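Colleague: From first to last, the protein sequence lines stand for chains A and B.
The opening position of the first sequence corresponds to residue 1 in this note's numbering, with each subsequent residue numbered one higher.
The opening position of the second sequence corresponds to residue 1 in this note's numbering, with each subsequent residue numbered one higher.
Careful: at least some of the hints might be erroneous.
Where chains are identical, the list cannot tell them apart; a pair therefore holds if satisfied intra-copy or between any two copies.
[Claimed, not checked] Heads up, simulated DSS-like pairs for lysine-lysine below, C-alpha to C-alpha not over 27 Å straight-line: (1) LYS27 / LYS162; (2) LYS264 / LYS174; (3) LYS162 / LYS47; (4) LYS174 / LYS398; (5) LYS264 / LYS224; (6) LYS163 / LYS27; (7) LYS162 / LYS31; (8) LYS398 / LYS98; (9) LYS162 / LYS174; (10) LYS174 / LYS47; (11) LYS163 / LYS47; (12) LYS27 / LYS224; (13) LYS206 / LYS27; (14) LYS398 / LYS27; (15) LYS206 / LYS174; (16) LYS224 / LYS47; (17) LYS174 / LYS98; (18) LYS224 / LYS31; (19) LYS27 / LYS98; (20) LYS206 / LYS98; (21) LYS31 / LYS163; (22) LYS163 / LYS224; (23) LYS264 / LYS31; (24) LYS398 / LYS224; (25) LYS264 / LYS163; (26) LYS31 / LYS174.
In case anyone wonders, no lab produced these hints; they're calculated from the structure.
As the structure is a computational prediction, the values presented were derived from the model and not from experiment.
What follows is the residue order along each chain.
There are 2 protein chains.
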Amino acid sequence: ESGAFQQVRFTLNTTLRPVEVAHLLEKSPPKERQILWNLVHHENEAKVLQHLADDIQADILATMDTDRVLEISESLETDDLADMLQQLPETVTRELLKIMDEQNRERIEEILAYPEDTAGGLMNTDTVTVRPDITVETVLRYIRRHDEIPDMTDSLFVISRKKESYIGILPLTKLLVSDPDITVREIMNTDIEPIPADMPDDEVAKLFEQQDLVSAPVVNTKGKLVGRITIDDVVDVIREDADHSLMSMAGLDEDEDTFAPLMKTTRRRAVWLGINLITALLASAVIGMFQATIDQVVALAVLMPIVASMGGIAGSQTLTLVIRGQALGHVERSNAGWLLNRELLVGGLNGILWAVVVSSVAIYWFQDTTIGMVIGMAIVINLVAGALAGTLLPLILKAWGIDPALAGSVLLTTITDVVGFLAFLGLATYFYG
Amino acid sequence: ESGAFQQVRFTLNTTLRPVEVAHLLEKSPPKERQILWNLVHHENEAKVLQHLADDIQADILATMDTDRVLEISESLETDDLADMLQQLPETVTRELLKIMDEQNRERIEEILAYPEDTAGGLMNTDTVTVRPDITVETVLRYIRRHDEIPDMTDSLFVISRKKESYIGILPLTKLLVSDPDITVREIMNTDIEPIPADMPDDEVAKLFEQQDLVSAPVVNTKGKLVGRITIDDVVDVIREDADHSLMSMAGLDEDEDTFAPLMKTTRRRAVWLGINLITALLASAVIGMFQATIDQVVALAVLMPIVASMGGIAGSQTLTLVIRGQALGHVERSNAGWLLNRELLVGGLNGILWAVVVSSVAIYWFQDTTIGMVIGMAIVINLVAGALAGTLLPLILKAWGIDPALAGSVLLTTITDVVGFLAFLGLATYFYG
Numbered sequence: 001e002s003g004a005f006q007q008v009r010f011t012l013n014t015t016l017r018p019v020e021v022a023h024l025l026e027k028s029p030p031k032e033r034q035i036l037w038n039l040v041h042h043e044n045e046a047k048v049l050q051h052l053a054d055d056i057q058a059d060i061l062a063t064m065d066t067d068r069v070l071e072i073s074e075s076l077e078t079d080d081l082a083d084m085l086q087q088l089p090e091t092v093t094r095e096l097l098k099i100m101d102e103q104n105r106e107r108i109e110e111i112l113a114y115p116e117d118t119a120g121g122l123m124n125t126d127t128v129t130v131r132p133d134i135t136v137e138t139v140l141r142y143i144r145r146h147d148e149i150p151d152m153t154d155s156l157f158v159i160s161r162k163k164e165s166y167i168g169i170l171p172l173t174k175l176l177v178s179d180p181d182i183t184v185r186e187i188m189n190t191d192i193e194p195i196p197a198d199m200p201d202d203e204v205a206k207l208f209e210q211q212d213l214v215s216a217p218v219v220n221t222k223g224k225l226v227g228r229i230t231i232d233d234v235v236d237v238i239r240e241d242a243d244h245s246l247m248s249m250a251g252l253d254e255d256e257d258t259f260a261p262l263m264k265t266t267r268r269r270a271v272w273l274g275i276n277l278i279t280a281l282l283a284s285a286v287i288g289m290f291q292a293t294i295d296q297v298v299a300l301a302v303l304m305p306i307v308a309s310m311g312g313i314a315g316s317q318t319l320t321l322v323i324r325g326q327a328l329g330h331v332e333r334s335n336a337g338w339l340l341n342r343e344l345l346v347g348g349l350n351g352i353l354w355a356v357v358v359s360s361v362a363i364y365w366f367q368d369t370t371i372g373m374v375i376g377m378a379i380v381i382n383l384v385a386g387a388l389a390g391t392l393l394p395l396i397l398k399a400w401g402i403d404p405a406l407a408g409s410v411l412l413t414t415i416t417d418v419v420g421f422l423a424f425l426g427l428a429t430y431f432y433g
Numbered sequence: 001e002s003g004a005f006q007q008v009r010f011t012l013n014t015t016l017r018p019v020e021v022a023h024l025l026e027k028s029p030p031k032e033r034q035i036l037w038n039l040v041h042h043e044n045e046a047k048v049l050q051h052l053a054d055d056i057q058a059d060i061l062a063t064m065d066t067d068r069v070l071e072i073s074e075s076l077e078t079d080d081l082a083d084m085l086q087q088l089p090e091t092v093t094r095e096l097l098k099i100m101d102e103q104n105r106e107r108i109e110e111i112l113a114y115p116e117d118t119a120g121g122l123m124n125t126d127t128v129t130v131r132p133d134i135t136v137e138t139v140l141r142y143i144r145r146h147d148e149i150p151d152m153t154d155s156l157f158v159i160s161r162k163k164e165s166y167i168g169i170l171p172l173t174k175l176l177v178s179d180p181d182i183t184v185r186e187i188m189n190t191d192i193e194p195i196p197a198d199m200p201d202d203e204v205a206k207l208f209e210q211q212d213l214v215s216a217p218v219v220n221t222k223g224k225l226v227g228r229i230t231i232d233d234v235v236d237v238i239r240e241d242a243d244h245s246l247m248s249m250a251g252l253d254e255d256e257d258t259f260a261p262l263m264k265t266t267r268r269r270a271v272w273l274g275i276n277l278i279t280a281l282l283a284s285a286v287i288g289m290f291q292a293t294i295d296q297v298v299a300l301a302v303l304m305p306i307v308a309s310m311g312g313i314a315g316s317q318t319l320t321l322v323i324r325g326q327a328l329g330h331v332e333r334s335n336a337g338w339l340l341n342r343e344l345l346v347g348g349l350n351g352i353l354w355a356v357v358v359s360s361v362a363i364y365w366f367q368d369t370t371i372g373m374v375i376g377m378a379i380v381i382n383l384v385a386g387a388l389a390g391t392l393l394p395l396i397l398k399a400w401g402i403d404p405a406l407a408g409s410v411l412l413t414t415i416t417d418v419v420g421f422l423a424f425l426g427l428a429t430y431f432y433g
């Protein structure tokens, strides 16, 4: 083994933190990634794996045998382990659970019982709990008996003696300033509602953002404390949700590996291009209906992309605004009417403004007032159509349970292309016919 | 005043938390927003204001007189106040600072000295500090003398006696499990590097994400502790940064008020449409060069949008991937070559695949093999051009200090439109000429 390799191995396993090694792997092309991964020491693999994006984690896990995956699983926290198991084929997961020791299996099965994108899938089981009837001094003595408290512990959870039901939280900051003789019950905070284990993860994120939480208790349907969610995992949810809209609008997945290998990338992109080809063929079919008119006035062919393009741009501005508004919880039934109304007016006003500009250009260019009039009218129509589609599509798609970010942009382009060509060439046929 | 109003007033000021009131205002059209705001009690205004998006905060502050703004400023934390001041005109800010009491002014000026998007602009000054040579017992007694500790305090900061230089942190979880007789120096953590006040906020966010921090110390160039950053403010940075790419690619601002009034929206959108019109006119000019060919073969007009559209879609997939990769810190000089190479190959392979499909459709539709050959070649050329532009544009724009998310999509469309029409109509002119 060469000196250079030895140095890289040292850097990977000693100098860098696991999260930095994960980042390095994520930004390496496939071959380099494989070489670097082989240089990571066995005992560090688990920590590095848990920080990798899902896509890449799955790729690496697929190359390991079950024994090795089991070894790795033993050194992970329960929530990270559950995440990892969700990247594995069902058969491997079942086999792993079989050979796991009982305590771990129960914890994991508790988390796996909830879908990955719910509070239950997000939680870990590292809670520090106290009873309500003991004094602050007893709590402090109880804590001092620990060698360490789990990271991100900003609060102890108060649970009932009998059924382990969640009662309230006791922030460490409160504990530290309270009279030692007072009981937990007197100083605990019962304002924080516990999070039901089946709450969707984006709602969990909203709760954390609204209430500035660091950790929060998770309860099952019977009110029993089953775990806690910590802000570090919520931050991942926030980033993924925000990335989701951006990537989906381009037909990409938010987990997409930037350095995915050639054929994998080609296959995924081909699907999106195929879907968009249908849109393009539809637009061509519309143009095809007006071949005779174009044959008569060839300037129409020169100008027609302008109409489609302006409608598409205006529509996608509306679409993006509404999709972002939905993600932030701003857009709902009660205010959708106002929004649609404003967008139609914005479309109309900007339509008129740019119709005047484009008309003038067209008249000057082709010395033909009819073509100026036709393109002006078509632009107003298409900008209003873009506003209408941009507002209504995400609302309808969401109501139907379809992701507006993924389907919205394709459908919008279809509409503004079809309406744009139809209005422009249709009006031209009428006026020149 | 009617009963309904009284009830809304009660809900706004008693039932809902300030952050929920802010959310309600954000999702209300202008008129309703004004009415709701007028129902918020004076003593709650500050807390609601600090949770509003910048755009809306600025609108509301603009309607207040300086005295009222001063009143509000007195009940805000320093970091929130500094944020608010950045929404006010310079003259108002200066006037406010003049009439502020000295202690507050000094704190605010310290924060305002740093740009809003740096660690200094993000920090607050609510630090709890201890000296390294005292014992755990003394620390606990010192803390118990407080009535409360600031929210989000997960660590005390250890500073030197003389120059208040930052030395290390003492996590509360560590404090609680340590022997009372041990000194702070023996248990403090010196691994966490303090954050320089001039670090850009997106780098701060990366540090918090990588190290799972809840709060972190901020130091000035001399190493003196000047404040701390807490995860709640970092979460805002993460969300805004992630929103930025999505909104910018549609020419929108990430602070954009979903319910901005009609004329404000119309004006902002008009600018973006104007910029995109230049792109569309350029494309038209290219088509204009080939009017004679189109006049001869009108089928070209029918098919030409397919070429431009396929190139645009493929290019924007690459562009989005690279822009996201830049935001995550994945794409840099060392791996850009690999990425460009893969994207060109993906473009080429998908180009060939879809060229075959579109060729067949065109030949069948127009019973003309020449047009099939021409459109097939043009599609391959344009998909490769889209891959090239999609990869290189964000790299070049970033190197020039221009925001790739904002300028990238317009430039990309320009390139795929121009190349698409030029290749298709140029080849047609050659083969039919």
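Colleague: Would you mind marking each hint as holding or not holding in the structure?
Modeller: Results for each hint:
Taking the closest pair of Cα atoms, LYS27 and LYS162 never come within 27 Å of each other, the shortest separation being 51 Å inside a single copy and 44 Å across copies. For the identical chains of this complex, LYS264 and LYS174 are neighbours neither inside a copy (53 Å) nor across copies (47 Å), given an alpha-carbon limit of 27 Å. With identical chains, the CA atoms of LYS162 and LYS47 are never at most 27 Å apart, being 37 Å at best within one copy and 40 Å at best between copies. Proximity of LYS174 to LYS398 under the C-alpha cut-off of 27 Å is found in neither arrangement, the shortest distances being 43 Å within a copy and 47 Å between copies.
Proximity of LYS264 to LYS224 under the C-alpha cut-off of 27 Å is found in neither arrangement, the shortest distances being 45 Å within a copy and 51 Å between copies. In the homo-oligomer, the alpha carbons of LYS163 and LYS27 never lie at most 27 Å apart, since the shortest distance is 48 Å inside one protomer and 41 Å across protomers. Taking the shortest Cα distances, LYS162 and LYS31 never come within 27 Å of each other, neither inside one copy (56 Å) nor across copies (53 Å). Neither within a single protomer nor between protomers do LYS398 and LYS98 lie at most 27 Å apart by alpha-carbon distance, with minima of 40 Å and 51 Å respectively.
In the homo-oligomer, the alpha carbons of LYS162 and LYS174 lie at most 27 Å apart inside one protomer (25 Å), although the nearest pairing across protomers, at 30 Å, exceeds that limit. In this assembly of identical chains, LYS174 and LYS47 lie within 27 Å of each other by CA distance solely across copies; the values are 22 Å between and 33 Å within a copy. Taking CA atoms no more than 27 Å apart as the test, LYS163 paired with LYS47 passes in neither setting, with 35 Å inside one copy and 39 Å between copies. In this assembly of identical chains, the alpha carbons of LYS27 and LYS224 never lie at most 27 Å apart, being 42 Å within a copy and 35 Å across copies at closest.
In the homo-oligomer, the alpha carbons of LYS206 and LYS27 lie at most 27 Å apart only across protomers (15 Å), although the nearest pairing inside one protomer, at 30 Å, exceeds that limit. Taking the shortest alpha-carbon separations for LYS398 and LYS27, only the inter-copy value of 18 Å comes in at or below 27 Å, while the best intra-copy value is 34 Å. Proximity of LYS206 to LYS174 under the C-alpha cut-off of 27 Å is restricted to the intra-copy arrangement: shortest distance 25 Å within a copy versus 30 Å between copies. In this assembly of identical chains, LYS224 and LYS47 lie within 27 Å of each other by CA distance neither inside one copy nor across copies; the values are 30 Å within and 34 Å between.
Proximity of LYS174 and LYS98 under a CA criterion of 27 Å is satisfied in neither setting, with 43 Å inside one chain copy and 37 Å between copies. With identical chains, the CA atoms of LYS224 and LYS31 are never at most 27 Å apart, being 48 Å at best within one copy and 45 Å at best between copies. For the identical chains of this complex, LYS27 and LYS98 are neighbours neither inside a copy (35 Å) nor across copies (50 Å), given an alpha-carbon limit of 27 Å. Taking identical chains as interchangeable, the C-alpha atoms of LYS206 and LYS98 are never at most 27 Å apart, the minima being 37 Å within one chain and 38 Å between chains.
Taking the closest pair of Cα atoms, LYS31 and LYS163 never come within 27 Å of each other, the shortest separation being 54 Å inside a single copy and 51 Å across copies. Proximity of LYS163 to LYS224 under the C-alpha cut-off of 27 Å is restricted to the intra-copy arrangement: shortest distance 7 Å within a copy versus 50 Å between copies. In this homomeric assembly, LYS264 and LYS31 come within 27 Å of each other (Cα to Cα) only inside a single copy, at 15 Å, whereas the closest approach across copies is 51 Å. In the homo-oligomer, the alpha carbons of LYS398 and LYS224 never lie at most 27 Å apart, since the shortest distance is 33 Å inside one protomer and 51 Å across protomers.
In this assembly of identical chains, LYS264 and LYS163 lie within 27 Å of each other by CA distance neither inside one copy nor across copies; the values are 51 Å within and 57 Å between. Taking CA atoms no more than 27 Å apart as the test, LYS31 paired with LYS174 passes in neither setting, with 52 Å inside one copy and 42 Å between copies.
Against the hints set out earlier in the document, violations occur for numbers 1, 2, 3, 4, 5, 6, 7, 8, 11, 12, 16, 17, 18, 19, 20, 21, 24, 25 and 26.
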